[in-house]
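Please take these sequences and the hints and turn them into a complete structure.
The opening residue of the sequence shown carries number 114 in the working numbering; numbering runs sequentially from there.
None of these hints come from the bench; they were simulated from the model. If you're wondering where the values come from, they're calculated on a predicted model, not measured in any experiment. Each residue gets a CB set at the ideal place from its N, CA and C atoms; glycine is no exception. Take every hint as true, because none was put in to throw you off.
Label pairs and their calculated CB-CB ranges:
1) A166 with P325: 39 to 49 Å
2) P390 with S478: 21 to 31 Å
3) H157 with T514: 51 to 61 Å
4) L287 with T200: 24 to 34 Å
For lysine-lysine, the following DSS-like pairs were computed, each having C-alpha atoms within a straight-line distance of at most 30 Å:
5) K322 with K373
6) K359 with K322
7) K372 with K398
8) K361 with K168
9) K373 with K389
10) K373 with K359
11) K208 with K359
12) K373 with K386
13) K389 with K361
14) K386 with K513
15) K359 with K372
16) K208 with K170
17) K322 with K361
18) K322 with K233
19) K398 with K386
20) K389 with K372
21) K322 with K372
22) K361 with K373
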Amino acid sequence: MLRRRSSSSSAKSSTKRRSSSAGFDEFGFAFIKRREKKLHHRSHDYSFPQPNALKVKELCELLSYWNGSSFICRNQIERFIRIGIPTAVRGRVWKCLLDLDNVRVASDFSYQVCLTEIRKGLVDLGVSEYSIISAITTLIDKENDLGSGAGQTPDAHSSAFSTVDVALFRQIALDLQRSFPTHRSLMGDSPEAIEGQAKLFRVLTAYAKFNPQIGYCQGMSYIAAVFLMLLGEEEAFWALVVLLEKPKYLSELFDSSLKKIQHQALVFQQLLKHRKPQLFQHLEKLGVSSFHFVMQWFLTLFTSLPCWDSVLAIWDLFLLHGLLAVFRAGLTILHLLEPRLMSMTEETTVLPLLLRVPVDVSQYSVLIPALWSTEVQEWEINCMNSVILEEMTESHETEKTKEDSSSSVSSDEQKEKSPAVENPAEDRPSKKEPVGPGGKNLFARILKLAQRYLADSAKQNTSNKAQPASPARSSPVVACQSKKRTSVSFTQAQRRRSQSRRPQNEAVVRKEPLPPQCTDGGTAENRSQVPLRRLKSGPVGRVARRRSGVQSGRGKSLLLRSSNQSQKASIPTSPVSQDPNQACTEPRESPGKSSIRPPLEEGSVFSPRTGTEVRESQLI
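Here is the structure:
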């Protein structure tokens with residue numbers, strides 16, 4: 114019986130040892146019992162391709178002459194990532210992609226010096242880095258004492274810690290318990306787990322000292338833990354620095370106020386609305402926002418997926434392409450879950466599916482080929498980002514207008530309540546009219562501008578009609594006179610021929626010439642009315658007046674009079690028209706010089722039968 118009991122006890126100890134040493138898969142995760150699978154949600158059925166010895170050799174040769182700025186090297190490494198990076202070489206690949214050696218040399222920050230300062234603070238607190246989880250209560254009590262002022266001592270200023278440091282230590286210690294509790298480097302109280310927890314604590318605290326503006330944020334513990342699984346402690350620290358400092362990666366994702374991750378969640382929501390509008394409308398109808406699942410996906414970089422080989426493949430693509438790979442992975446998961454999500458009608462069933470992605474969807478053979486077939490361009494993210502910024506500015510403007518309107522309403526109410534009002538008629542329009550910028554009514558301002566524009570255009574049109582400008586920008590009177598002088602010789606010769614043919618006893622009837630017209634068809638600037646005059650009387654003169662004056666001259670003179678009177682009533686006379694020397698009308702002929710007639714207008718001839726000027730169109 115004693116032998117059997119001893120054998121049974123040894124069997125129990127062997128099972129415990131198996132669970133602590135041999136009970137882990139190839140990635141270091143412990144095999145979980147069925148009743149605990151719902152709690153941890155981790156699968157060990159991996160489907161990643163097995164490494165080929167020839168491909169591994171080629172990859173090692175590529176890493177030996179790696180140049181991150183070379184397009185050929187990056188193209189080759191992308192081909193190997195698509196095939197599948199072997200687990201044994203993945204750490205070297207990540208170091209080359211992040212360029213850790215050059216980053217470490219270029220920085221003035223010393224990781225070891227920072228660790229010595231951290232240890233001084235822990236010694237003053239009476240806490241060890243190797244028992245940081247068990248010292249959570251001590252840190253909480255110390256923080257409360259420092260906050261209330263009871264823990265202030267004369268040596269408080271010379272101590273190596275402050276309230277901020279104690280709060281930092283406490284927050285990191287709390288998150289150590291949640292970071293991969295089933296991984297061998299962080300699970301339990303084994304020496305490997307204790308050392309792994311101490312490394313993770315030092316890396317996170319050192320980064321908080323490296324960049325105090327960001328400090329420590331939720332989700333950093335998962336990222337640092339993944340680096341510690343494949344890299345050394347200091348290499349994991351510099352990898353975390355590169356990931357959180359470079360704009361290509363996560364610099365637009367982590368901050369102390371979580372505003373950046375909220376903004377990226379909105380960008381992903383716009384991208385989902387653009388790519389899958391039906392799914393977006395369905396989720397919106399159910400009341401499921403992208404904040405509910407995107408923040409967990411992005412802050413932990415999909416480390417919550419049950420299949421670890423798929424997580425590492427997403428990280429390979431992410432370290433190569435940056436934040437675009439995170440959006441690609443999110444869209445791929447939603448694409449694979451779309452049929453199930455569209456069939457659901459309640460929010461309580463949608464969120465668990467998104468937060469705990471099923472194993473059949475997150476398997477390497479299903480998720481990774483779909484990830485490579487999903488493309489997200491940088492210009493798409495920029496467009497969605499600009500849309501979010503425009504919506505934010507519009508919302509801020511509407512809020513400001515609401516505040517201004519509420520303040521104006523309150524001021525109006527106060528005026529109504531006040532007994533003495535000097536001029537209540539002036540206050541009434543301000544209540545009815547919307548208040549625009551500068552305290553003026555926007556509609557009234559637009560109306561005034563329109564009236565001013567119409568008045569200016571009317572003035573410009575009337576001025577163009579009154580003073581048409583020639584191409585050479587000369588006076589219209591000069592243009593008319595120069596145009597007339599060109600035809601003087603021809604008209605005088607024609608007039609002499611007609612006078613030589615006229616009988617001597619025929620009475621000469623003269624009429625005032627018509628006002629000359631300018632080159633563009635408009636009348637000249639002379640506003641003086643030219644009355645009809647007859648120089649000769651008698652029967653011949655009456656016949657001549659009856660034939661010529663009534664038919665052509667009198668009608669034209671009446672038209673000219675009416676046009677001149679209308680122009681006088683509408684437009685003031687210009688200084689050019691008031692000058693008699695610059696008038697377009699020809700000087701009258703003196704009585705003694707009846708044989709010499711003034712020059713005719715262009716397009717008119719002298720009629721010997723009537724003794725007047727006749728247009729060529731009338732002759733035709």
